[in-house]
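K.L.:
Residues per chain are reported as follows:
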Amino acid sequence: MKVIDFYSKRWIFFGIALATIVVGIIAGFVNGVELDIYFKGGSILKYNYVGNVDANKAADIASNIVGRAVSTQITTELSSGEKRLIINISGNYGLDAKLQKELDEALKGAFPGADLKLSESSMVEPFFGRMFLRNGIMALLIASFFVVIYVWIRFRKIGGLSAGIMALIALLFDIIVVFITHIIFRIPIGDSFVAVALTIIGYSINDTIVVYDRIRENRKLYPKLAIEEVTNLSITQSMTRSINTSVAVFISVTVVYILAFANSIEAVQGFALPMAMGTIAGCFSSLCIAENLWVMWNKREAKA
Amino acid sequence: MRGRKITFFIVLAIALVMTYTALYGINITWWGALEVKIAGAPDIRFGIDIRGGVDAVFEPADLDRAPTAEELDAARSVIETRLDQQNILDREVTVDKQNGYIIVRFPWKADETEFDPESAIAELGETAMLTFRDEEGNILLEGSHVKNSTVQMDSRYGKYVVALEFDEEGTKLFSEATERLVGEVINIYMDDTLIQSAVVREHISTGEAMIDGMSGLEEAKALSDKINAGALPFSMVTKNHSTISPTLGSGALDIMVMAGGIAFIIICILLIIYYRLPGFVACISLLIQISGQLLAIAIPQITLTLTGIAGIILSIGMGVDANIIISERISEEIKAGKTLGAAISAGFKNAFSSVFDGNITVLIVAVALWRFGSGSVLSFAYSLFTGIIFNFVAGVTASRLMIRSLSQYEFLRNPKLYTCLSRRVTL
Chain A
334 MKVIDFYSKR WIFFGIALAT IVVGIIAGFV NGVELDIYFK GGSILKYNYV
384 GNVDANKAAD IASNIVGRAV STQITTELSS GEKRLIINIS GNYGLDAKLQ
434 KELDEALKGA FPGADLKLSE SSMVEPFFGR MFLRNGIMAL LIASFFVVIY
484 VWIRFRKIGG LSAGIMALIA LLFDIIVVFI THIIFRIPIG DSFVAVALTI
534 IGYSINDTIV VYDRIRENRK LYPKLAIEEV TNLSITQSMT RSINTSVAVF
584 ISVTVVYILA FANSIEAVQG FALPMAMGTI AGCFSSLCIA ENLWVMWNKR
634 EAKA
Chain B
46 MRGRKITFFI VLAIALVMTY TALYGINITW WGALEVKIAG APDIRFGIDI
96 RGGVDAVFEP ADLDRAPTAE ELDAARSVIE TRLDQQNILD REVTVDKQNG
146 YIIVRFPWKA DETEFDPESA IAELGETAML TFRDEEGNIL LEGSHVKNST
196 VQMDSRYGKY VVALEFDEEG TKLFSEATER LVGEVINIYM DDTLIQSAVV
246 REHISTGEAM IDGMSGLEEA KALSDKINAG ALPFSMVTKN HSTISPTLGS
296 GALDIMVMAG GIAFIIICIL LIIYYRLPGF VACISLLIQI SGQLLAIAIP
346 QITLTLTGIA GIILSIGMGV DANIIISERI SEEIKAGKTL GAAISAGFKN
396 AFSSVFDGNI TVLIVAVALW RFGSGSVLSF AYSLFTGIIF NFVAGVTASR
446 LMIRSLSQYE FLRNPKLYTC LSRRVTL
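If you read the protein sequences in the order shown, they are chains A and B.
Here the first sequence is numbered in the numbering used here, starting from 334 and rising by one per residue.
Here the second sequence is numbered in the numbering used here, starting from 46 and rising by one per residue.
Extracted from the complex, chain A is given alone in its bound form (with noise of 0.2 Å):
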């Protein structure tokens, strides 16, 4: 088996990180960070309907009744022909239940021949999405933690403490490209960017924790190899699963994909895009950044 020099290849992979990182900047900029209801707080109703609405009637109905500021759209679904009516109430607050109800019955009201039902309805305080954020960044924070203190102790013998803040660093990275996926496809970040990103952190502290292993080995191995040299190799025997569980993780989240935009189910579409970007992520983060930071503080620390 040959082994592939990752080491010295590292300004490459890391200016293909950075360049990504930039992509996503730049992305950001284009097209704006799209925060999803849940995290900003505000008010929405979809309702489905037939024949024709007034969509600036209803706008005004609904703005004498809530007080607010209303605007409203309509749009046809491409798959099943239905349309649908949809009541942005403006300001990052909720509506009270009952004021829904006494709009809901004004609308019915108005256009009595659409049929109108209510299909979707959100009314978030903002309170609520930055307590569930605050939490889950909370609970991350401890993770981490406990994570580097886990590796910390089991890899003392390639210097424990290095190998789990670099292989955080490298998450770090791969949020980021779960973070890009939601803006360039113009993926509301919301509930299921949680979801996304707690996977892929899961995912990729897994599969760098198995190439640190497999340098902890080498290590016992051939202890007369320089730290690069164990690396390249550790790196280069792990590959092969590395990308076979990727590619398995990949097909898997992009048959979900396919089905969910064949059935046009923006929910699982939303989930199952930045998912599957993350996997190819998460494996190129643990094979091509970990370790080479790693390698790079380590011969540092050798200097020093």
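Some clues are possibly wrong.
To be verified - If we take Cβ atoms under 10 Å as the criterion, some of the chain B residues that face chain A in the derived model are:
{"no.": "1", "residue": "Val81"}
{"no.": "2", "residue": "Tyr146"}
{"no.": "3", "residue": "Ile166"}
{"no.": "4", "residue": "Glu168"}
{"no.": "5", "residue": "Gly170"}
{"no.": "6", "residue": "Ile300"}
{"no.": "7", "residue": "Phe309"}
{"no.": "8", "residue": "Val412"}
{"no.": "9", "residue": "Arg416"}
{"no.": "10", "residue": "Ala426"}
{"no.": "11", "residue": "Leu462"}
{"no.": "12", "residue": "Cys465"}
Hints were generated in silico from the structure; no laboratory data involved.
Glycine is no exception: its CB is placed at the ideal position from the N, C-alpha and C atoms.
Place chain B on chain A using the hints.
P.N.:
For chain B alone, coordinates are given in the frame of chain A:
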């Protein structure tokens, strides 16, 4: 340790039984006496985000202090009574005492096409009208006259009772009523729902009354909460609520199930082509892992949300990974020139520490999320946690038992069956 030939078939049988149970559930009665019932996939409780429904967070309206735990319990009982009234029995009502709000979730009913969620939730938070009435329905006194209602233990009979304490006017009204109604019944209503009937045994003028006849602590607590609701100083409003239509819900579910099936078949084909015998074994141990995980969700009736499904996807990925690591390691050992038996032993031994560290690390993440996360993160943490436990059982133990056992068969002793594709090519 040498494997026994039969072991493979035992593990296979376990895998098939678990898969069947996970897919369909088990419901058998033996001789009419012994009943075995195990919940499977059809009984899984899906979250509102999957099957559609209503999710609402109620908080006290215009209250300048945090509500007390008792007040929240009382408010909860109001909401529950009204849900009963609307015949919404399949629901989750959770009280967050720390932050002072109540979360109500209920799914769309399968048979209901004209479900009107706004009106269902609009009324839930209204202040309850609690009344004490005589048999003709005349209102004797109102819930606001009840100063306090508590559960007490009646030491004479060792039974739980609900003790009421009236305010000044309540004492007067109650005294008048009980004087007139000795031997008759007083009914307690919340809104228009009868929540309790009690027979007046004697004239009570002290402003303190006791209601007995409770079956236990739970019933007494429920009644006491409801009576306290009558004196609740606030109503509950919800400005944070969402409705998801069932078509989106069940459609999404069917697609996910189909996608899962297709993905599983593709993964199995790839594993078998690439890793041959260990790949085939991996498919069986994945069956154990996935069905075990589904059972761990179905049996305790944990609500499965989209994030929970993300957790399942991650743990299946981890399961595939564990099997791939093992297969790769066995293949490497064979290429290094070891005999089959030695290669299998060394392969598992070397793979174990990787699989162990990877899984424990992710387990740490799962536990931290479970302990410190909230909302949909919890569903993710639970799926992930159970998935990793089954990964240890299936990916590590079951795979080893099966490969050891199969390697005892003469026709399965060709080392090529244990070498992965890339190495077969270079060999």
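K.L.:
Run every hint past the structure and note whether it holds.
P.N.:
So, going through the hints one by one against the coordinates:
1. Val81: With a closest approach of 33 Å, the B/Val81 hint is violated.
2. Tyr146: This hint holds: B/Tyr146 lies near chain A, its Cβ roughly 9 Å from the closest one there, short of 10 Å.
3. Ile166: 5 Å, holds
4. Glu168: With Cβ-Cβ at 8 Å, under 10 Å, it holds.
5. Gly170: For B/Gly170, the interface hint holds, since the closest Cβ of chain A sits about 8 Å away, which is under 10 Å.
6. Ile300: 5 Å, holds
7. Phe309: 8 Å, holds
8. Val412: B/Val412 check passes; min Cβ-Cβ to chain A is 8 Å, inside 10 Å.
9. Arg416: Holds. Min distance 7 Å.
10. Ala426: Holds - the Cβ of B/Ala426 comes within 10 Å of chain A, reaching about 8 Å at its closest.
11. Leu462: Violated: closest Cβ of chain A sits about 18 Å from B/Leu462, beyond 10 Å.
12. Cys465: Interface hint status for B/Cys465: holds (7 Å vs cutoff 10 Å).
Figure legend: structure checked against the earlier numbered hints; hints not met, in rising order: 1 and 11.
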